[in-house]
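Novice: Top to bottom, those sequences are chains A and B. Numbering-wise (this note's numbering), the first sequence opens with residue 1 and increments by one. Numbering-wise (this note's numbering), the second sequence opens with residue 1 and increments by one.
Take the hints with a grain of salt, since some may be wrong.
As the list claims (entries may be wrong) - Some chain B residues well away from chain A (every beta-carbon gap over 10 angstroms; in silico):
#  : residue
1  : 72
2  : 88
3  : 100
4  : 101
5  : 105
6  : 112
7  : 225
8  : 228
9  : 237
10 : 291
11 : 401
12 : 429
13 : 437
14 : 458
15 : 533
As the list claims (entries may be wrong) - Which stretches of chain A does chain B cover? Using the computed rule of at least three CB atoms under 8 angstroms from a CB of chain B, they are:
#  : stretch
16 : 78-86
17 : 108-115
18 : 162-175
Since the hints were derived computationally from the structure, they do not count as laboratory data. Glycine included, C-beta positions come from ideal geometry on N, C-alpha and C.
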Amino acid sequence: MSHPGSEDKPAIGLVVNPIAGLGGPAGLKGSDGPSIQHAALERGATPQANDRALRMLSRLAGIASERFRVLTAQGHMGEYAALQAGLDPQIVHRPSSVSASDLFGTTHQDTRHAVQKFRDHGANLVLFVGGDGTARDVQGALADDPLHLALGIPAGVKMQSAVFARSPEEAAAIVSDWLDSPGKVSAMEVADIDEDARRRGILASKLHGYLNVPDTRRGLQGGKVGSSVALESLAGLASEAYSKIDPEAMCILGPGQTVQALSHLLDGESSLLGVDLAHRGRIIGTDLSAEELHQRTAGHRVQLVVSPIGGQGFLFGRGNQQLDVAILSRIERDDLIILCSSTKLAKLGGGPLYIDVPNLNNSQVFTGYQRVICGPQQTASIRVADASTLSA
Amino acid sequence: MTQTFRADSMSQANTQNHKADSVKEGPFEKPLLRNYHAPRWDEPLIFQLSAEGHTGVIPPAASDQAEDTPETAVKRSDAPNLPEIGQAQVLRHFLRLSQETLGADLNVDIGQGTCTMKYSPKINEKFAGSPQSVNMHPLQDESTAQGTLQILHELQNYLCEISGMDSVSLQPGSGSAAIYGNVKTVQAYHEHNGQGDQRDEIITTIFSHPSNAATAKTVGYKVITLYPDENGYPDLAALQSVLSERTAALFITNPEDTGIFNPNITEYVDAVHSVGGLCFYDQANANGLLGITRAREAGFDLCHFNLHKTFSTPHACGGPAAGAMCATADLAPFLPGRQVLKSETGYHFAPESDTATADVRPFHGVIPNLIRAYSWIRALGSEGLREVSEIAVLNNNYLVAELSKIEGMSIPYAEGEYRIEQVRYSWQELTKETGITSGELGARMADYGMHYWTSHHPYVVPEPVTLEPTESYSKRELDEYIAALKNTAAEARMDPGVVKNAPHRSSIHTVDVTSMTDPDTWATSWRAYRKKYLGEQRTEPKRWVASDSLPVPKRAPKAYHR
Chain A
1 MSHPGSEDKP
11 AIGLVVNPIA
21 GLGGPAGLKG
31 SDGPSIQHAA
41 LERGATPQAN
51 DRALRMLSRL
61 AGIASERFRV
71 LTAQGHMGEY
81 AALQAGLDPQ
91 IVHRPSSVSA
101 SDLFGTTHQD
111 TRHAVQKFRD
121 HGANLVLFVG
131 GDGTARDVQG
141 ALADDPLHLA
151 LGIPAGVKMQ
161 SAVFARSPEE
171 AAAIVSDWLD
181 SPGKVSAMEV
191 ADIDEDARRR
201 GILASKLHGY
211 LNVPDTRRGL
221 QGGKVGSSVA
231 LESLAGLASE
241 AYSKIDPEAM
251 CILGPGQTVQ
261 ALSHLLDGES
271 SLLGVDLAHR
281 GRIIGTDLSA
291 EELHQRTAGH
301 RVQLVVSPIG
311 GQGFLFGRGN
321 QQLDVAILSR
331 IERDDLIILC
341 SSTKLAKLGG
351 GPLYIDVPNL
361 NNSQVFTGYQ
371 RVICGPQQTA
381 SIRVADASTL
391 SA
Chain B
1 MTQTFRADSM
11 SQANTQNHKA
21 DSVKEGPFEK
31 PLLRNYHAPR
41 WDEPLIFQLS
51 AEGHTGVIPP
61 AASDQAEDTP
71 ETAVKRSDAP
81 NLPEIGQAQV
91 LRHFLRLSQE
101 TLGADLNVDI
111 GQGTCTMKYS
121 PKINEKFAGS
131 PQSVNMHPLQ
141 DESTAQGTLQ
151 ILHELQNYLC
161 EISGMDSVSL
171 QPGSGSAAIY
181 GNVKTVQAYH
191 EHNGQGDQRD
201 EIITTIFSHP
211 SNAATAKTVG
221 YKVITLYPDE
231 NGYPDLAALQ
241 SVLSERTAAL
251 FITNPEDTGI
261 FNPNITEYVD
271 AVHSVGGLCF
281 YDQANANGLL
291 GITRAREAGF
301 DLCHFNLHKT
311 FSTPHACGGP
321 AAGAMCATAD
331 LAPFLPGRQV
341 LKSETGYHFA
351 PESDTATADV
361 RPFHGVIPNL
371 IRAYSWIRAL
381 GSEGLREVSE
391 IAVLNNNYLV
401 AELSKIEGMS
411 IPYAEGEYRI
421 EQVRYSWQEL
431 TKETGITSGE
441 LGARMADYGM
451 HYWTSHHPYV
461 VPEPVTLEPT
471 ESYSKRELDE
481 YIAALKNTAA
491 EARMDPGVVK
501 NAPHRSSIHT
511 VDVTSMTDPD
521 TWATSWRAYR
531 KKYLGEQRTE
541 PKRWVASDSL
551 PVPKRAPKAY
561 HR
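Here chain A stands alone, though its shape is the one from the complex (with noise of 0.2 angstroms):
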């Protein structure tokens, strides 16, 4: 994404999600839902989100003034924390039906129109902020913009997502170097915790996609001084993984990027976060239900090509549930294939890796030492422990 011409300056989107944030303080495990954000209130919870938009417009007015404008929609969300930081901002969107100095009357979709709104008008940079839930609005609302660009501000109570800065001033920060030299964008994972999961005890994530964050190298990569996520070779683990394909087994591929690597050596599309199926070479089925993979691989070898979820580890039984016990119980030991870049198994600890799938009589294919290819020529041993039985 290149600024447009020189007259023109770079218009930043922001969107506020006036009530992110107001569980927390609370000891509530989130901000969703109206009656959450009472209780939240009537404990003392005081919204945080317009403060924050605030510290971060405030630095960026005092280090790239008159270098970007924004767009932004009415009232709290985003609105007033511009005037506040003597911005002029340009409204492109007002909240349907409520009066804008209502801070509760703002919802989900008014942030995804907000963002279609940013679209519309040309936005080259969308900031948002809040939390899980607000990453997950506006990585829905670009999600078909391959050229989208985004980034959060952390205000939420728990942002397992990796499209946020660490801090308003960082993110004021790597907006500047952006505004300085657009450059290089990655696409980092835009995860929410489990809700089915949790009511059970276990802490997971389920990856919803994927955002463009600018890549300046600060905040979001300020773990990774000197190295690189970039230069890291998905293709690498892939072409590994490749090898140990039998093409006449129907071999199927879980979600993710590290597993969508593979897709570039096999004709066809594949999707991003379904659950495909390859044969000879060639993606035969994307997005596939747990039914349409018991009748597409009946009569088949099956092999099984999964990556951990950042963070948590699970390999499945989350965010891929179409792999059921009936098809994960005709998966011999030698048929799993485990990808994970050693930057993911770092920030893992190196394990262990978790399934979670109840019921499973074959469990011990899955559990024990696996073989985790992590590149070409390269593997780890790594634990795989079974989560239903660890949380039980």
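Given the structure of chain A, go ahead and fit chain B onto it with the hints provided.
Specialist: Chain B in isolation, oriented as in the chain A frame:
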């Protein structure tokens, strides 16, 4: 522009120290936290200083030049594309650059853990710089190099004694070359036994030096990495899960880069031996082990030393350094290079072994560095070597005790257990609290004149910093480093901006990392820069050719200031 915090805790610590020593705080007492400021010269590249016609001192050609000498045979016909610049300008240029660097003789260099940045005694430079050292020709007759050969022979013996091994190759010109040589030795051994194709896997650990995995891959082995268990030891069950008839060798460090010594190492070695694999001990972290433990007693077949780490020869900014490969008698026939033997007629290079792996460097090793290591060992003696390790461990324990008091810093794995000579600490808690990363703290440490290194990549310990105090630093120097680290952590809480935008008082402010890490944008030479950024084609500078009849040039008139 910048503000220096004197964290309360630190001022108190200072006061307490002085009280404890019963020293009155005098007016000339300097604080532990130095008011450092690096010189900033904004020095151009030497190529940018080039001016047409400028030259250094050029001696006239000999009038009766010998024909057919080896030198004339290899003399290049065209002039190298070097800058045209006078001697004085060259001197000033490099002196300025040296002032802009935190050299090993300048700063308390304990921030580069695993590198063992100890003092390189200056007297050893004298030996290393002697004509017998620097003028040693690889093809000169052995009878004319007996002294040098004696040094190599005795150094081999000392390293055998220190490691417990039977044979030593001094050929490698770096630590990584020694590890590579060991991979090749493993390969030669298995090929000799007809198992070269079958044994195609080398196992290493994530906290061993990355050169183990890298060199194994270079040779063509499949690499299997082990991660730590909860004690910080390499996961023994993971090792057992991957051992097979395909196992060529285990390449492992002990203590690993966490500073944790694995007391059960023989179990690992025995497990690998039981499937016919070999075991190589990467002794990059040997500074706490001299005279205390040996590779032999742990059952290893091979090991190596970085002479530029443990044995004080300078790191030399990318080389040449010196690595030593040590082997048991079973593996000795496969070592590269030629060892120096002693016979009744004197010292001589052993004949080349038929089974030896290919040389890892032409001829013999890096003689000046081998002489430095030899001198260091001779100066200390066996008791001195052990004392080196004991002081290195003591210094590390002191550092651990002091740094444990800093809130936000932790020591992952095996809580409360002693480390050996270094520690990989974690700033994870401080980062969570302040958003300041370990890398950013490191940039701020430069403002206090201190080096700071995080860890190899990928980071397994979150927000890591690896510190190794060695035996070379005084208590005052360690206290200075501790004070700077405490102050930087305090700044992260009180004024994160000052840390985030550091360095402020270093020679250079923040540089764009991509300019050094991205092949699309980096320019590793002046020529590459001109080609990549200026679109220039290479131009030949005007060539100065000395006339045969040229008289000795007169000195230029002396230049005066003003």
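Novice: Against this structure, judge whether each hint is valid.
Specialist: Hint check:
no. : hint    : in the structure
1   : 72      : holds, 46 angstroms
2   : 88      : holds, 37 angstroms
3   : 100     : holds, 20 angstroms
4   : 101     : holds, 18 angstroms
5   : 105     : holds, 25 angstroms
6   : 112     : holds, 13 angstroms
7   : 225     : violated, 4 angstroms
8   : 228     : violated, 6 angstroms
9   : 237     : violated, 7 angstroms
10  : 291     : holds, 33 angstroms
11  : 401     : holds, 26 angstroms
12  : 429     : holds, 14 angstroms
13  : 437     : violated, 4 angstroms
14  : 458     : violated, 4 angstroms
15  : 533     : holds, 15 angstroms
16  : 78-86   : violated (count 0)
17  : 108-115 : violated (count 0)
18  : 162-175 : holds (count 5)
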